[in-house]
Every structure is written in C-alpha cells, then in structure tokens.
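Guided by the hints, dock chains H, S, W, F and E onto chain C, whose structure is given.
Protein chains: 6
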Amino acid sequence: MLIRPDNRAANQLRAISFTPGIAPHAAGSVLAAYGDTRVICAATLEEKVPTWMKQQCVKGGWLTAEYSLLPYSTLDRKQRDIVKGRLDGRTVEIQRLIGRALRAVLDLSKLDGFTLWVDCDVLQADGGTRTASISGAYVAAQLAVKKLMAAGKIKESPFTDSVGAISVGVYQDAPVLDLNYLEDKDASVDANIVMTGSGRFVEVQSAGEEATFDAAQLQTMIGLAHEGLQTIFRLQKEAIG
Amino acid sequence: MLIRPDNRAANQLRAISFTPGIAPHAAGSVLAAYGDTRVICAATLEEKVPTWMKQQCVKGGWLTAEYSLLPYSTLDRKQRDIVKGRLDGRTVEIQRLIGRALRAVLDLSKLDGFTLWVDCDVLQADGGTRTASISGAYVAAQLAVKKLMAAGKIKESPFTDSVGAISVGVYQDAPVLDLNYLEDKDASVDANIVMTGSGRFVEVQSAGEEATFDAAQLQTMIGLAHEGLQTIFRLQKEAIG
Amino acid sequence: MLIRPDNRAANQLRAISFTPGIAPHAAGSVLAAYGDTRVICAATLEEKVPTWMKQQCVKGGWLTAEYSLLPYSTLDRKQRDIVKGRLDGRTVEIQRLIGRALRAVLDLSKLDGFTLWVDCDVLQADGGTRTASISGAYVAAQLAVKKLMAAGKIKESPFTDSVGAISVGVYQDAPVLDLNYLEDKDASVDANIVMTGSGRFVEVQSAGEEATFDAAQLQTMIGLAHEGLQTIFRLQKEAIG
Amino acid sequence: MLIRPDNRAANQLRAISFTPGIAPHAAGSVLAAYGDTRVICAATLEEKVPTWMKQQCVKGGWLTAEYSLLPYSTLDRKQRDIVKGRLDGRTVEIQRLIGRALRAVLDLSKLDGFTLWVDCDVLQADGGTRTASISGAYVAAQLAVKKLMAAGKIKESPFTDSVGAISVGVYQDAPVLDLNYLEDKDASVDANIVMTGSGRFVEVQSAGEEATFDAAQLQTMIGLAHEGLQTIFRLQKEAIG
Amino acid sequence: MLIRPDNRAANQLRAISFTPGIAPHAAGSVLAAYGDTRVICAATLEEKVPTWMKQQCVKGGWLTAEYSLLPYSTLDRKQRDIVKGRLDGRTVEIQRLIGRALRAVLDLSKLDGFTLWVDCDVLQADGGTRTASISGAYVAAQLAVKKLMAAGKIKESPFTDSVGAISVGVYQDAPVLDLNYLEDKDASVDANIVMTGSGRFVEVQSAGEEATFDAAQLQTMIGLAHEGLQTIFRLQKEAIG
Amino acid sequence: MLIRPDNRAANQLRAISFTPGIAPHAAGSVLAAYGDTRVICAATLEEKVPTWMKQQCVKGGWLTAEYSLLPYSTLDRKQRDIVKGRLDGRTVEIQRLIGRALRAVLDLSKLDGFTLWVDCDVLQADGGTRTASISGAYVAAQLAVKKLMAAGKIKESPFTDSVGAISVGVYQDAPVLDLNYLEDKDASVDANIVMTGSGRFVEVQSAGEEATFDAAQLQTMIGLAHEGLQTIFRLQKEAIG
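Chains as they are written, first to last, in this note's numbering: chain C, 1 to 241; chain H, 1 to 241; chain S, 1 to 241; chain W, 1 to 241; chain F, 1 to 241; chain E, 1 to 241.
Next comes chain C alone, as it looks inside the complex (with noise of 0.2 Å):
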C-alpha cells in the first residue's frame, strides 16, 4: 500500500492558496502556496513589444515570464545566474512552459503595443515550482488586467479562459496528485499538466528520468490532474474576486 511522506491520499492535493498584494508596485502580484512550495508572481505592463516582433511585422501584444529561485528557496543555497553568468537549462524551460501556459488563454491582439510580464520568484521549493508558478501567474496577470482595465490602460480584458496547472508522476509504483520535493525526487515519472479552466489542455509533459512508462500509467495521470484542477480553478477564483 502507498504512503506519502505526508499521509496524503493519493489523488489529495497540499494545502493550496493565493494571498493576492504580495508586491504593491506590480499591477497585480499574489503569494501563490502549494504546501510549502510558495512562489511571489507579480504582473507589470509595459507600453513596448519584444523586438523580434516588430522586425518581423507581428501584430498585437505578448507575454513574457520570467522565473527564478531565489537562493535561500532551496535547502542547499542556490547560486543566482548572474553569477553563473547564464541561465540554466532547467529555468528556461519552466519559463518558457509558463509564458506559453498564460498566451493560450490570452487574445494578444487585445493587448495590442503592450507586454504584460509576468515574473515568478520561488521563496521557497518543496516539488511543484513550476505549476504553482503557472496557476499563481494567472492570478497575478488577471488582478493585473483588473487593475489597467480600471486605469483605462486595456480597454476590454484579453483573457478568453483560465489556466492552471498541477504535478503528477509515478511514485512508488502509484500515480500520484501534487508531489512535494521528497516524492519528486524519488518518481519515476515525473508529468506537468496544463488545463484551461473549460477542461481543454494546454500542455501535456510526461517524462521518466531513466525510466519509462506505459499508455494506462499515463492515462490515470491525467485523469488526477484533471480532477486536482477543479479545486485550483475555484480558488484562483476567489482571489481574483
């Protein structure tokens, strides 16, 4: 029989919130939680586009995100980049994933001459960085659009749904929801599923680490997600208000 490092079932997720005003200077900032996991994502509008959009004669706005452990987030202390001098592979990935999460549910013509930054700052890891980063990220840019729509700044909101997103993996032989840093280090399988809040996917990633995994495993996996989800997209709800 499975058990967790916490005794959580294994379709339970952690204690989840979003404590939105964390960074008053950005339009719109929330302290996202999963557990321990606790990511600061803050929303900043800027009046210019990427340059690669104007060479090549792309038309509205974009979305950027940035993510970043901060180094007391991890228990061993994390070296910034700026003094590796370089990004590593690993944060590039997860803010590329986040960036491509938030357009898929953005009408970027509507933000059309802007860049809505998003910017997710790790204050703590335990497992699941990237996917609070996502959902946290949502709230953040949506309270942001709040904001600049009150503002006069946006004058219709770009968002056509929500998106959120939430780990799973295989764990002692056992797919499980919400792994915390002991059972992702230990899965086999380690998957990140992105979900609109109209039930569609934005992003399916399973990989094992040297291992692998069958068509049934990969199923139940995302039939935990999908379930897990419900409960994130309420409570983005709520904080969005």
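FYI, nobody ran anything at the bench for these hints, they're computed from the structure.
All of these numbers come straight from a predicted model, not from anything done at the bench.
Be aware that one or more of the hints could be misleading.
No copy labels: a pair is met if it fits in one copy or bridges any two.
As the list claims (entries may be wrong) - Pairs of lysine-lysine residues, derived as DSS-like cross-links and limited to a Cα-Cα distance of at most 27 Å, are as follows:
1. Lys147 <-> Lys237
2. Lys59 <-> Lys48
3. Lys155 <-> Lys48
4. Lys185 <-> Lys48
5. Lys237 <-> Lys146
6. Lys155 <-> Lys78
7. Lys84 <-> Lys155
8. Lys110 <-> Lys78
Here is chains H, S, W, F and E on its own, set in the frame of chain C:
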C-alpha cells in the same frame, strides 16, 4: 477532407533513412533523414564524467547531448549561437530532451567513468529536427558502443532497449504524423513522442501555442506515433547492422 | 519651512519593522520594512570559504552579501541582471557595502571554514533599500547564528556588536532623516551612515551628485543618523528575541 | 630521403574534390575534400549590410566568413565555442583569413546592399582545414552567385577572378605541399598561400612556431604552392560547371 | 609615537606632480604622480551622449570615467578585466566615484550633445590610485576643454570649480594623510575625501573593514585632508597653466 | 615619383627608440617608439604555467603576450575591450603573433614552471603598433630575464637569439618600409616581417585587402624589411645594455 502539403496520408511517414559513417573521426556517426530534414548525429566517448557527478559523488557514467542548427540549415540564415553569446531557449530544451531520451535506455553503471557525447547538427531543417535527432542519436550511440566494445574500451553494452521519436500534431483540425515545416508552423497542437522499442513511453510532450486540445485528440496523436515508430525502429536496426 | 512629502519632521523615521520567518528554508530570515521599502533578508550557511581565501591562505570564515532589486519592486519594471548579463555598478557598490557593514561586527575566526551568506532581495523600493538591507541583514544573520548554535554547527556567536544603517540627506536645503524615494531623487546630498550598537561608525558615505556640501551640513546629517539609529537598534533587538 | 606518412611526393597533393549540393537550403554549397579533411562550405545571401558599414557610410555590399570545427571533426572531441563562451584565437584568425581571401576577388559594389555569408564547418579535420575552406568557400560562393543571378536577385557577377589556397611547410627539413595532420603537427614551418586564378598572391602567411626559416626555404614553399594550386583551380572550375 | 614607513609626518603629502602631454592623441592628458603611484589620465571628447540620456530625454552633455589597473602596475601581475570577462567591484566603485567627482564641478548644459571621457590607467600602484586619478582627471579634462575651446568645438568652459582628492586613514591608531600601499593595507580605517577648490565637499567616504571609528577620528581625518588638498589645488593650477 | 606623407625615402625608418623603466613594478619594461607610435612593453614573471600545459603534460615554461590599444591611443577614442565584452579579431591576431615571435627565440625548457608575461599597451597609435610591440616586447623580456637572473629566480637565460619586426607595404604602387597610419590605411598590400638577429625569418605575413600582389613585389618588400631590421637590432642591443 485533409490535404497535406506533400499529399501524404495522415498516418504516413516521410522518407526516412539512417546513413552510417558521415563523420569518420567520431566513434559512431549517422546522417539521419526524415524527408528533407537532415541531421548529422555523432557519438564520441570521453574518459571522464561531468564535474557535478564528482561533486555529488554520483557513480557510473553519463550521456550528454548537444544540438545545433547549422547556419545554412534554415531558409533564412540562422546566426550561430556563439555570435549571440548564448544558446536560445529552444536549443536548450531540445538538447535536454535528446539526453533524457537516450539515458532512459542506458544502464549508466556500464559506462563507469566515461561520458558518451551525442552531437546532433542539423544540415537541413524541414520540421521534426528534434525527433530525427533522437532517432539518429540512438543509431550513432549504438554504432559507437559496438566499436568501443570491439576495441575493448567498454566491456558490456550499456543499452537496455532501443529508443526513437516522432512528431505528431493537429493540422487543419486533423491529427497527423511526422509534420514537415509547412505543417508544423500552421499546426495548432505540436507533440513529440519518444518511445522505446519495447513499446513504453519515455516522453510525451504535447503543447498548444495559443491553442488547446482535448483528451480524444491526445489519444489519437499517441496512437499515430506508436504506429509510425514501428517503421523507425526497423530502419534503426538495419543501420546498426 | 520644510514640508516633507509625507509630512514627517526632519528627524522622524518612517514606520520601521523587522518580521522574522519570511523564507523558512534559510537559517535565518526577516522581512525588513522602512516605510514602503520592503526587503527580504535571508542568511544561510555554507560549509566552505571563498576560493581567494584558500589561495591567499587566509584563516577563519567569511560573510558574503548579495543584493538585488526584484523586477516588480520598482514603479517601472526593472530588467533582471541575468538578462543584461552583468550586475550594474549600483548593485555592486551596495552588496560590497552590506558585506563590509556586517563583517565589521563579526569575529570571522569564529566562523572558521564557513561562509555566511546574506541575501537581500528588494520586494518594494521606496528609498533607503541599502540601509534597510543592512539593518535587516544583521537581524537575519543573528537569527541564523542562534539557530546554528542551537544545532551545534557553530560553537560560539561570532558577533561582537550589532549594526544598523540609515540614510540622511539634504532635501530642500534642509538635512533630513530616512529619505523616501520622492525625497531621494530630489536631494542635493545623499548620505548613508552605518553604525554599531555601541555608537561607533562603520561607514560614512556622503556624496553630492552635481552638488556639494560643507562641514556643518555633514555634522548635522551625522547627528540625525545617530539619533534615528537608536530606534532601529531597539527594533532589531526585539526581532532577534 | 624524405618519406611522407602517406608516401606522397613532396610536391604531390592529396585527393582533392568539390561535391556541390551538400546543404540544399543554402544558395550555394559544396563538400570540399583535401584528402581526409572534409569541410561543408555554404553561401547564403542576406539583404542587409553590417552595422559598421552603415555607421561609417561605406557603400556597396560585404562578404563575411564564419568557420567552425564540428565537435566530432577531431580525434578528441572538440568542445563547442558556445560552451566556452568565446571563439578561440585560431578560429578568429581563420575566419578573418577566409573573408579577406574571398573579398580580394570580389567587386563589392556589385553586391550593393547585400551580405554574402560563407560558412565553413569542418566535418573531419586532417590538416589544411583553412585552405580547404577557402577553396571550397569560393566554389560555394560562385554557385550561390549563379543561382542568385538566375533568380534576378543579383544583376551582375561580383567576381573578378577565382581564388584558392593550399598549405606548404617544412617537414623533416624538406619543403612539402599540402600537409596532413601528422605532417602539420611535426612541421617546423607552416605556411598558407592564397592565390588568384590569374597567378597573383592574395596572402602569404609563413610562420615557425619555436623555429625559424630562411629566404631559400620561403622561395621553394611558394613555388610548390603555385604549382599545386593549378590543379585546385581546375577542380573548382569543374565543380562550378 | 607614530613612525610612517617612509618617515613622513602624519600631515605630510608624498611628492606630487602632474606632467601634461603623456598621450598626445587625447584632447588633454597628464601623468599624475602621488609618490610612486603613477596614473595616465586622458580626456577625449565624443560627439554623442549616452543612450540612457536620449531614452530618458535628459538634456545637456555627460562625463564618463573609466579606470583600470594596467597588468604590470601591481607587484603581482594583475589579470586584465577582459580575461576575467567582467569588471571587479572595486573598479566599478572607483570609476563611478571619479565620474561623480568631476561632474560635481561641471555645468553639463555647456557640453550639450557631447560626452567627455576621462580615462585613468594606473601605470604603477602604490596606494591612493583613486585619489590620484580624480586629481589627474581634473587636470586632463581642463587641458582638453582649453584645447577644444581654442578649436571652437566648445564655446564656453563647462567648469564651475576645480576638484581634487586625497586619502586619509587611521594607521597605528593615528590619523594620517595620503597613505601609501604599506600603510593602506594595515590601516584600520580608510577614507577618501573629494573637495572643490572653493572648499566644499563633493564626497566623504570613510570605512572601516573589520574595524570602526568614532566622531573625533572622522573630524581629524577631514581636517588633514582639507589641509593637504591646498597643495594639490596649487599643483593642478600650475599644470593647467 | 613616390612622395611619402612625411617625406621619408622608401627604405627609411621613422625615428625609433626604446626607453627602459617605464613601468617599475614590472621585472622589465620599455617604452617603444616607432615615430609617433608609442607602446608600453612590460614583462613580468609568474610562478605557474597555463592550465593546458598541465592537462597535456607539456614540460617547460611558457611565454604569453597580451596587447591592447589604450582608449586614448587612437584619434577617435577606442572603446575598451571589457565594455564590448570580447576581444576583437585584430587584437587576438596580434597577441598571438607577438607570442609566437618571442617564443621562437626562447628555449622554454629554461623557464621550467614559469610563465613570462609580456604586455604591450599602445599609448599612441600611428601605424606599426604590432611591429613596435614585438621589438619592444623583446627588450622588456630581456631586461626582465637579466633582473630575474640577478635575483637568482632564473638560472640561465632562455634566449637563443634576438627578435625584431617591421612593417612593409605597397603604397602608391611602390614598396615602402615602416608605414605610418596615413600610409597604412591607403596601402594596397600590408606585410609584417619578423626576423631574428641572426637573419632568419620567424614570420612573414603579407596580405592584400581587396587587392593582390606578385612575386617580385613580395621579394622587394622582404628586402626592405631585412635592411631596416638591422637598425632595430642595434637599438635593441643598446637599450638592453
């Protein structure tokens, strides 16, 4: 009715081939072709392991993959990474993916003290460069292992299975196999499936950029990939000899 | 008559607080607030010393400080250092200042073989981020030392005194204490005073950008700082407990 | 008596060939072989000129060359430039040499507004990679010019002459032509001669690393190169067609 | 009783000189000597302003300072910055200090559209390189302004005052003036005082590394500096002519 | 008839001098002047060898050269390398050339365990900076060797010969010696000849940028250089003493 730009059926692969010996100084090498996509894949052995393995006291060997688009592989000349001073995010993601795919079918303890490098340089890009790279990298690495075993540098083959990859996607609302560049840039969903010869998944990556997909579409895409990979496994086996 | 933007008297501090526990994975952490300026200060211990100490055969331990403005801490989003590829000059100056300030009240021989890292990440910037960082860094480092002594990792406290910092300046021709952002950007002279709890100076930095000052003004500014720091020392003591 | 490792006479070239079409996405491409040395040479056209030309108000077009050793081209795997973060000095010298050689036979005013890129990527290195690159780059550039003229993108050929290169050196006290890797690493003097089809020098570079040479030796080396280049000019002409 | 390594009195300067014309291609240049410390100071004019001035619509001109230790200026050869790939923190602080010092005596509106560069390259370092740089940079900049006015490139002198700098410190418990290297490395307090010819402070920087100081010591140090700077102002005036 | 900008005969050197002692902290130093070209050359000894020598188990010592244009050496201020973040190609070529030239007259086994650094910093550039650097670097290195032998740090001189360099070129269709900047920028062929005191070549580099040359011109240029170098060898000998 679906009409693909090159008139293929939805479940039809492009012409696929693996031509060994393209880079004779490497321990193993192959020119992998998926239609007009051509990738030079080469495997070389280095008698040391990455620094992090020593620092973290990890035993065994390692496999590292590097991927690059040669400047003349694309229709518009692509600037070399060294000119920009950094790898772009897409390249980082692809070389991490190739590495994970190969390591999933390796028993690294049998490479004790060695790093097996697999280099994938795209000579011509027409969609599917990452999947052609994975399938070709496996062939190059197997050829290298055979040569290194013959030379007595490795005692026992570290391979536990074979591995191959193929792209699938949703193009004009229809799931299709092995997208070329024209299809890839218009696809609403883009997926890459990495499987072992024994029929297990190593990686499932399915993403909609500014689009979403449902569970049925995911199921169909996975089925197409599974079918197409049987041909690729056969061609790999012939190339390895 | 002087009217400060927030109606404070010339010798009046903003609301100042030190809230411990903001980053639980660190050995010690605190959220330092000087009015609307908020800095996450965290101290972590690493069981090695910098390379230069080994090369130059310097005995004892070390304390290194890092400082960063989170992108959403300023009214206009600040680009991350890693995007520009280098630390700007202001950041370099500030992290050197924080390090010197803390080391001035440490007996480094009691940290033999260890590096104490203090990280200061500005969550909201409204003037005085470097002084809030120093005062907060001292609290975080003391909390870390207490925890590490309780855990037996450090035998004896390396602290020989306490340390705090406050800004003073010449605003509308009048010397004033603890400038906020609006005052700072219009001040003709900007000074930062770092003192120990026992009343000695660690650092006096007074500079006029495109302006100058005389000996009498310097004297008054130093007096204001001395007075204001007494409150800060009391609040630090309460936070450390 | 001189015995060369591959039994060639002192004035004998290795097997030399130029095989067009290796990289079909380029405007012109060729696989240049000097014995076991293999270089992919490709020419592409970009409809803009370098920034410095605009800043300095230089009229006409430009030709830029880039050179790289693919990691598996050498007997020990060569680290990619991007991993080291910079081009090594040897690479910089070679790409400057290739560029000067080609520009010496170009009327740049006939490339007005365009940059012709020639990329030389070494697939297998066995001595003479820079001379094979120059000779191959000329063929690739001519093929590109023919195609671009046929497509109406360039009105008139910018070429005023042909250009080729060959190495000579002093090996076991004897001047020899077209050194392979074994000869190159033991040569006391290493020279590269770049000539035009009409028999004029573009570049003479003769250097002794930890050795010297006299005027007679220089004379003999130049004679050998002149003779060998006649064959290369003929093979280039055949490849261009 | 205090004995200084070179037997100077506590309030005695080293031999100080400013020799014009060291770098004839610069608009103004001087070799500044403070004892064995030698700095090449050169001022050049560029007909453009920094990008940030244009972006922030700041009117007028600018002065930028750069500082470097030549590799052979120190007793152990100092690696060039370009080899390390970045400026060290000390260099960044010093060049910011030189720039602020000079700008404090400039009316930048009279340099409209221009950047005045002052370069300070240390030929020999024996303590006080930053103060010698400031005093020398002022001379070089004045010489440049005179030459540029004579040539009609600048209409009116932008200088509003003169500026000079000197170090003071606490050495063997005694405040002393103009520390050489031996004193500097053993000083418990290190201060740099920048003043104008008219007797006002531009910058007061006083720091104890692993030590502290009191108000009386600060007062004495400032007095010593004020006295010593009178000689420096006279020597500067003679060099400018 | 040829008229050179400074009225020299075709075979006439500019005023050449070597003034020792410019950088007293270096083991050996000299200010080398070729007309208005001025280069600070300094040699310092480091008691370690480059990493690559240890990795490749190469015995003996090494000589490394570095070259830089000081920002105020050119008529338009030259940006420092560290600001651009990389060495330009020309600088890389020149420092490799200086290193090869010096090593050709050194018995590196007599520098066992040491690196001799030669730094060449151009104070004023008026053509021929690389040849002045080589000739000056030899003098600085000899002065350093004498001092290090006197101090017992080196037992035996590693020098086997002397070395000097001079430029030649084709200016207004005539071969000329020792080109200044005005001649250099209009020359159709630019050559640098490095010779030993005993009359052997170390390096012959002759290049036409967008031009070519014939065998007779090459012969004449080499003759001019040979003749001019006799004067330089004599002046070097006097400076070394």
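Now for the hints, and whether the structure bears them out:
Taking the shortest Cα distances, Lys147 and Lys237 sit within 27 Å of each other inside one copy (16 Å), while across copies they are farther apart (40 Å). In this assembly of identical chains, the alpha carbons of Lys59 and Lys48 lie at most 27 Å apart whether taken from the same copy (12 Å) or from different copies (23 Å). In this assembly of identical chains, the alpha carbons of Lys155 and Lys48 lie at most 27 Å apart only when taken from the same copy (16 Å versus 39 Å across copies). For the homomeric pair Lys185 and Lys48, the shortest alpha-carbon distance between copies (25 Å) is at most 27 Å, but the shortest distance inside one copy (41 Å) is not.
Taking identical chains as interchangeable, the C-alpha atoms of Lys237 and Lys146 lie at most 27 Å apart only when both belong to the same chain, with a minimum of 13 Å there against 42 Å between chains. Within a single copy, Lys155 and Lys78 get their C-alpha atoms only as close as 41 Å, which misses the 27 Å cut-off; across copies the closest is 25 Å, which meets it. Taking the shortest Cα distances, Lys84 and Lys155 never come within 27 Å of each other, neither inside one copy (42 Å) nor across copies (32 Å). With identical chains, the CA atoms of Lys110 and Lys78 are at most 27 Å apart between copies only, with a shortest distance of 24 Å across copies and 38 Å within one.
Hint 7 alone, counting from the list given before, is not met by this structure.
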